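Starting from the known structure of chain A, arrange chain B on it as the hints suggest.
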Amino acid sequence: MSINEQQTARKPPISQTGIVLWLRTNLFSSWINGALTVASLYLLYITIPPLLNWLLISANFNFGTINIFGFNIQFSEEVATNLNCGKEGACWPFIYEKFDMFIYGFYPREELWRPNTVFALTAFLFIIIKLTKNLKYKNKILLFLIIFYPVISYFLLFGGFGILPVVETLKWGGLMLTLIIAGVGIIISFPIGILLALGRQSELSTVRFFSVLYIEFIRAVPLITILFMASNVLPLFFDAGISMDKLVRALIAITLFQAAYMAEVVRGGLQAIPKGQYEAADAIGLSYYQKNILIVLPQALKISIPNIVGSSISLFKDTTLVLIIGLMDFLTVVSFATADSAWLGRHLEGYIFVAMVLWIMLYTMSRYSKKLELRFNTENIN
Amino acid sequence: MKSLNKFSNLKNLSFKELIYNNEARAIFIQVATVVIIVSLFYSIIVNLYDNIEARGIVTGFSFLGGRAGFDILPFLGTYVVKFSPNSTNLEVFYVAIINTFVCAGVGIILATILGLLIGIARLSSNYLISRLANGYIELFRNIPILLQILFWYNIFLNALPKPKNSISFFDLAFINNRGFYLPNPLPQEGFIWVIIALIVGIVSTIYIKRHFKRKQDETGRQTNTLTYSLGLIIVFPIIVFLLLGSPLQFDYAILGTFNLKGGLAVVPEFVALTLALSIYTATYIAEAIRSGIEAVDKGQKEAAAAIGLTKTQSLKLVILPQALRVAIPPTINQYLNLTKNSSLAAAIGYPELMSAFGGTVLNQVGQAIEILAMVMLVYLVISLSISVLLNYVNKKMAIQGR
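Same order as they appear, the protein sequences are chains A and B.
Here the first sequence is numbered in my numbering, starting from 1 and rising by one per residue.
Here the second sequence is numbered in my numbering, starting from 1 and rising by one per residue.
So here's chain A without its partners, still in its complex pose (with noise of 0.2 Å):
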């Protein structure tokens, strides 16, 4: 007869295993945190269910047949117009029947191959980047390519030269032109902004002077005034005979504003670099653009890629500001599309697309602009 008989452990009581510890611990630790789990319940409950409902249940998916791929899927058998898509619901079809007007604006249709092609060199420009990231001539493929690249794409989207018909900037619109507007304006402001950071670290002060009234400048009024500026007062800067188009006017603006913004940034960075870099740079006897362009900036560049990334996310955002000037972006499809008479007062549901296309870009830089930032926190600590 054994005394010490091996006994089982009893099982943890209930309360302190699993998803009923998980809820103690996480919803109901308190009676206050139980009262505020129960509100935000209630606060979902009245928002979701709806939400869901306008969006999907009682949505009206009368696509009609669509062509994917070749395959034909049949959606309804009738196609849904504004009068039978019913008013408890969204009204999707409305995004199908206008989409290639949110994507390209007034592009000519049968000339929708050209914005496409640009569309696919950036993203066969993305593929070569990341492959040739580790190859020795690297920074060769991409000068040739970061000059080829505009462009190709200006003769594909504009045309001209017998070879292909001129398509007018007027008619450029949509998603594309969003990208447009935004890529020109990060790209070009990028060297613009880099000048105006060295200028005001610069020791010589009337340069120094002229960078911070700039950027002091820029930073202390919206947009908004700029851009009215460049599209009511800039013609009247330059010669009668200069014809300036509207979309130049608008990409000026936003690119003189936006180095303003890119010179903070880098300027941040050039500040973090330990002094002793600069002396070091001085004492080898490198002059002051050797010093810059061989010792400060590839570092200081480097610290800012976050910020940079951030700022550009914040012009991204801002250029739907072109709508109150009267270029028509993403934004302003919404309201050129629903003017259509076939299709009267569907601003919700453009509004719905635009936002959910616009936060899932957004949404992705964000992240990525924050994993760039671990990436270098990490660095640095090691």
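I should point out that these hints are in silico values taken from the structure, not numbers from a laboratory.
Any given hint could be a false lead.
Stated by the list, open to error - Selected chain B positions facing chain A (Cβ under 10 Å, derived; list incomplete): (1) Ile143; (2) Leu150; (3) Ile167; (4) Ile238; (5) Met354.
As the list claims (entries may be wrong) - Below, a sample of chain A positions facing chain B; criterion: calculated Cβ distance under 8 Å: (6) Asn33; (7) Asn82; (8) Leu83; (9) Asn84; (10) Gln201; (11) Leu204; (12) Ile218; (13) Pro222; (14) Met229; (15) Phe238; (16) Tyr351.
Owing to the predicted nature of the structure, the values given are computational and were not obtained by experimental measurement.
The C-beta atom is built at its ideal place from N, Cα and C for all residues, glycine as well.
Coordinates of chain B only, in the frame set by chain A:
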């Protein structure tokens, strides 16, 4: 004297030496910068004059005295200035500035409250609450503000009932798609004494707090001043108010056949703009608050507990002062951003600076340079004042090194 010496040094150098001389180079670059900028401005101004003459554009600020000739959406600014279509363009400018400040002020208050709540909720130990706060931040921060303004404006116009079927709150306030109709407070004779009582209450509360603080420094004894403050700031003005026979009446909105009459009408443009701006800016303020609280070292909290402070004391005396040092500067920056973003009202026609003055007046008069310069000047002044405030706050909050 010093600069003169510099030049005399340079005089003795040969041309080749001059090229490689740092001082000579510095002077050359600065002169070149000035020349380039001046010539750029010169060509701009010459072209400007030519174009203005060729197109017959009127210049100068005489348009400010001219008749506006259009009506402005009635809101606070129009009431304060007593605006009518016969008013001058200068009065439009005043109306616009008042409307900008009203929108920015209300927006800042709402955004701060919302941002504070969301920022604290984001750090809550309650899983659901912190996830919800995070969802709020990620959702509204990544949608362009202009889209949000248009969205709320549209919701307002389409989802709310027509005036005939207004949503009523005990017949005191109404909501319909033409706006919010709140009771309009009409101060009667003698109401000024209530305000004076309130001011007296606040001032004496500050004095009493100081007195007890001094007492604590001398004797180490703490006194709870809450009852004094409540009595002086709330009860005292209420007693004065009742003694004077309630000198405040309200003008309630009354449902007419087509629209509501009377009351304080808050136009949908204002509601949509302010709502969108506060919701958007609150995400940034929430992040600022969160990073401020997270920046306080855990040891601080433990140290506060170790020297026997209660939870409230440790929050009030140890955590918050340190958290606010980190959180306040970005928050003030967000206030500036909100004010600048209020210019997006141009898209929905709330009559603020950019929409009423930089938009409508510009279209009527056509003097873009003068008008936009005035608009930019106002924003510059706002920006500069906020920078001054920020510098003051930073100086005040800087860690006093020993």
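Each hint, compared with the structure:
no., hint, in the structure
1, Ile143, "holds (5 Å)"
2, Leu150, "holds (6 Å)"
3, Ile167, "violated (16 Å)"
4, Ile238, "violated (30 Å)"
5, Met354, "holds (6 Å)"
6, Asn33, "holds (5 Å)"
7, Asn82, "violated (15 Å)"
8, Leu83, "violated (17 Å)"
9, Asn84, "violated (19 Å)"
10, Gln201, "violated (14 Å)"
11, Leu204, "holds (5 Å)"
12, Ile218, "violated (10 Å)"
13, Pro222, "holds (4 Å)"
14, Met229, "holds (5 Å)"
15, Phe238, "holds (6 Å)"
16, Tyr351, "holds (5 Å)"
Hint compliance for this structure: hints 3, 4, 7, 8, 9, 10 and 12 are not met, and every other hint is.
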